[in-house]
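Here the protein sequences line up with chains A and B, keeping their order. The numbering used here applies: residue 57 is where the first sequence begins, and numbers increase by one. The numbering used here applies: residue 31 is where the second sequence begins, and numbers increase by one.
In case anyone wonders, no lab produced these hints; they're calculated from the structure. Honestly, I wouldn't trust all of these hints.
Claimed, not checked - The list that follows gives simulated cross-link-like pairs (lysine to any residue, SDA-like), each with its CA atoms no further than 25 Å apart:
#, chain 1, residue 1, chain 2, residue 2
1, A, K248, B, S211
2, A, K248, B, E90
3, A, K531, A, E494
4, A, K204, B, N91
5, A, K204, B, E90
What the hints assert, rightly or not - Coverage of chain B stretches by chain A, computed from C-beta distances (three or more under 8 Å per stretch; other residues unrestricted):
#, region
6, 188-199
7, 272-278
C-beta: ideal position from N, C-alpha, C; glycine also.
Listed below, chain by chain, are the residues.
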Amino acid sequence: MKVFPRTSSLVELPMLQRTSLLLGCWFSAFLIPPVRSQPSAPPREFVQITASETAPSVAALAAYDDSTAMFLNASGQIGVAKFSPGLSLIGWQHYSKASFDALPGLSLGPEFSVMLASAGELTQGFDTDTDGQLDTFQALVRDWPGAKEGVTITAGPLADSRGRVLFALSPATMEQGAPPQAAIVAWTPGQKEPETIMSSNLPVTAIALSQDGLLAALLSFPDYKDGFFLSLTELPPPLTPPSTTPSAPTGENVPSPSSAATDGEKAGHEPGKKTNEEATSAKASPPASPPLPMTLPSLLIPSEMTKGAAPRHLTFVHEVNEAKLLLSCPESQMIIEVAPEKVGELWQGSILVHTITPEPILAMSEMKPGKVLGGGAKGFFPIDENIASYRIRSIRRATDGLVLGFTEPVDRSFAILPESYAVEAVSLTGAASPVVIEPVIEYDGRTVILKMPPPSSETVLRVLCRNVPSATGAKLLSSACSYTIHQDK
Amino acid sequence: MEGQTQETAPGASGSQTTPPPAVPTAEVTSSDTVEQDFLKIDSFLTDPPLPLSLSRKTCENFLTDKDLLQAHLDTGGSPRPLPGIFVIESPSAACQIIWDPQTCRMLGVLSKSEARMTTSPVGKAPAAAAPSAAAPSATPPPLTASGPHPLRRSTGAYGDPVYFGFRWLHGRPGFLYTIGSLIVEEWIWLEDPTLLRQHFRIRSPESDVIVLLPTGWSDEVTATAGTIKEGVLTVPAANAAEFAITTRLKPAPVPPAP
Numbered sequence: 057m058k059v060f061p062r063t064s065s066l067v068e069l070p071m072l073q074r075t076s077l078l079l080g081c082w083f084s085a086f087l088i089p090p091v092r093s094q095p096s097a098p099p100r101e102f103v104q105i106t107a108s109e110t111a112p113s114v115a116a117l118a119a120y121d122d123s124t125a126m127f128l129n130a131s132g133q134i135g136v137a138k139f140s141p142g143l144s145l146i147g148w149q150h151y152s153k154a155s156f157d158a159l160p161g162l163s164l165g166p167e168f169s170v171m172l173a174s175a176g177e178l179t180q181g182f183d184t185d186t187d188g189q190l191d192t193f194q195a196l197v198r199d200w201p202g203a204k205e206g207v208t209i210t211a212g213p214l215a216d217s218r219g220r221v222l223f224a225l226s227p228a229t230m231e232q233g234a235p236p237q238a239a240i241v242a243w244t245p246g247q248k249e250p251e252t253i254m255s256s257n258l259p260v261t262a263i264a265l266s267q268d269g270l271l272a273a274l275l276s277f278p279d280y281k282d283g284f285f286l287s288l289t290e291l292p293p294p295l296t297p298p299s300t301t302p303s304a305p306t307g308e309n310v311p312s313p314s315s316a317a318t319d320g321e322k323a324g325h326e327p328g329k330k331t332n333e334e335a336t337s338a339k340a341s342p343p344a345s346p347p348l349p350m351t352l353p354s355l356l357i358p359s360e361m362t363k364g365a366a367p368r369h370l371t372f373v374h375e376v377n378e379a380k381l382l383l384s385c386p387e388s389q390m391i392i393e394v395a396p397e398k399v400g401e402l403w404q405g406s407i408l409v410h411t412i413t414p415e416p417i418l419a420m421s422e423m424k425p426g427k428v429l430g431g432g433a434k435g436f437f438p439i440d441e442n443i444a445s446y447r448i449r450s451i452r453r454a455t456d457g458l459v460l461g462f463t464e465p466v467d468r469s470f471a472i473l474p475e476s477y478a479v480e481a482v483s484l485t486g487a488a489s490p491v492v493i494e495p496v497i498e499y500d501g502r503t504v505i506l507k508m509p510p511p512s513s514e515t516v517l518r519v520l521c522r523n524v525p526s527a528t529g530a531k532l533l534s535s536a537c538s539y540t541i542h543q544d545k
Numbered sequence: 031m032e033g034q035t036q037e038t039a040p041g042a043s044g045s046q047t048t049p050p051p052a053v054p055t056a057e058v059t060s061s062d063t064v065e066q067d068f069l070k071i072d073s074f075l076t077d078p079p080l081p082l083s084l085s086r087k088t089c090e091n092f093l094t095d096k097d098l099l100q101a102h103l104d105t106g107g108s109p110r111p112l113p114g115i116f117v118i119e120s121p122s123a124a125c126q127i128i129w130d131p132q133t134c135r136m137l138g139v140l141s142k143s144e145a146r147m148t149t150s151p152v153g154k155a156p157a158a159a160a161p162s163a164a165a166p167s168a169t170p171p172p173l174t175a176s177g178p179h180p181l182r183r184s185t186g187a188y189g190d191p192v193y194f195g196f197r198w199l200h201g202r203p204g205f206l207y208t209i210g211s212l213i214v215e216e217w218i219w220l221e222d223p224t225l226l227r228q229h230f231r232i233r234s235p236e237s238d239v240i241v242l243l244p245t246g247w248s249d250e251v252t253a254t255a256g257t258i259k260e261g262v263l264t265v266p267a268a269n270a271a272e273f274a275i276t277t278r279l280k281p282a283p284v285p286p287a288p
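In isolation and in its complexed conformation, chain A is listed as follows (with noise of 0.2 Å):
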């Protein structure tokens, strides 16, 4: 999977400078300053964070930079904090304090401003007099289809690279006879109403975004009891091109699209040169009636390996060549780790567990690459891999068979043994068959094959190290790892 490289995402991305555009024109209107679009606007106060060792309780975080990051508390209050570079919470402040009924999420805009969302209403906050707190926060989007008979928030903010910010809704039944859906939506600056990009027939808790665009959606599906489901699609492109029109109110006081056009230039766009989103978009056309992909379950997540826990939440770890999605389960205490593959146009993965924190964690976010903070009820917490623990780090496909990587050499007398290990096929029909395999351990003592018959599409292969500990005598952290084929490759 291509990995880009680690960028400053408050102001790199086309959405944020047309974000900015759509402010300009109605702080114009309410005689609010511009978020210093002016180039006399004084520069923006450094706020300096007292250092604390008590830690505030996090309900959401985005990363602002490698050690600095805005988060949620508990009762809906939007904070800043700082990190070492161990990440070892230096120190904290408020950001607002104005509380939001907002859900578990947050998401960065231009300009030290911040995206969060209740049920009713897709929010940005703005610290329009540079003095370090949020002070002007607007109602970005209140209406989507079928607001008025109750459809609301339920997951979400995220930006994307296009320009867009997306959010989830609750399941509705847009046309007469036809089940309810859930959908993700995007909005861009400009709409009036979010389009919708993605539906589903099960209701969407929470959503994480790749840096290359792999949406991954949890799905809710409570009368299920053996595991939960999650969905990974490729974010589609915008279906209308973006405009910069606002919406409402017209009048004098809201600049003309041209006038905008004129602040994009101040914001940093170059006269005449169009971004690559806007040539994208100029050249595309309108698709008549695209069909509307569908968020179905690509993998399950067993709930043996979550020790029953449903995940709350998740986010996307890159690291060198991949990016692997994280999912916290905070009533089991467990990170459970996927990676994702994508054969033909399907997605599939392997499923293990990543490490078991101290405290339920309620949010995520990668703060570089490869390092994850969490928060929760009792501060902030490092998403380490535990490598002091024993615990299968790898599992994939081989011609030949699976193969797994240990964090630390095997017990070569136990993992060569067939029996020290049960593998199962599972359907798509829930039917479960044993697979036999023959255990094969490579020169490192870290990698073991389990060879196997080449395992049919559309199956779930399931392993349990029954026996298997390390060469020191060290127990596994979780036994139990999945790996999902919906084709072969």
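Following the hints, complete the assembly by docking chain B onto the known chain A.
Just chain B now, with coordinates in the frame of chain A:
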């Protein structure tokens, strides 16, 4: 209530934290009219007499007026909870001010013990708290809104109001919305535990602004501009860009003897 559960940032009131600068007052060029307007009109924003907190919550539907209820009915026509409303309160006041972004108006002033808030998604919303020890013993009665939007009879105030957002400056909330062609900022705070101030800023008003006062409360209202007659405040266009309404919250009525 919120003040009891909100977390205090370390050093938030200490001297080690760099104090935030005041609203900028210098280096504004004469051509920068937007900034100048802002500074001029911003002059009323000094620290409020009473410390206020602002929170957004979901509140049990307490509305009875049919005009107000219209926007808060479910598909079956039953009242539904009020999501995302603004609650303004002070530890030293026994009341809460409720402002609704759906209808862009103050829904009422309720006693803290009356307002019932439901759980927020990120955490447990604090339950309605009993008045603090410092609060006055006489609980103000509910001031509930009724009828059409207060600015509805003003020229240009057509259609449903559209909420834009809010500001929080110097501890005071200001709500931004449009109603028809009127662009409105409505700042609200408490001068003292029983004195409610609504400060309106209307962008370039071309006609007189008419404000419908809450039914039965016109005797308790004074305004910085205009005249009050039969429950209606009429502010001349020349003064309508900025005016304030002060409402004396009445002491609790004595319940009739059985």
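To see whether the hints hold, each was checked on the structure:
{"no.": "1", "hint": "K248(A) x S211(B)", "verdict": "holds, 18 Å"}
{"no.": "2", "hint": "K248(A) x E90(B)", "verdict": "violated, 29 Å"}
{"no.": "3", "hint": "K531(A) x E494(A)", "verdict": "holds, 22 Å"}
{"no.": "4", "hint": "K204(A) x N91(B)", "verdict": "holds, 16 Å"}
{"no.": "5", "hint": "K204(A) x E90(B)", "verdict": "holds, 18 Å"}
{"no.": "6", "hint": "188-199", "verdict": "holds (count 8)"}
{"no.": "7", "hint": "272-278", "verdict": "violated (count 0)"}
Consistency note: the structure conflicts with the earlier hints numbered 2, 7.
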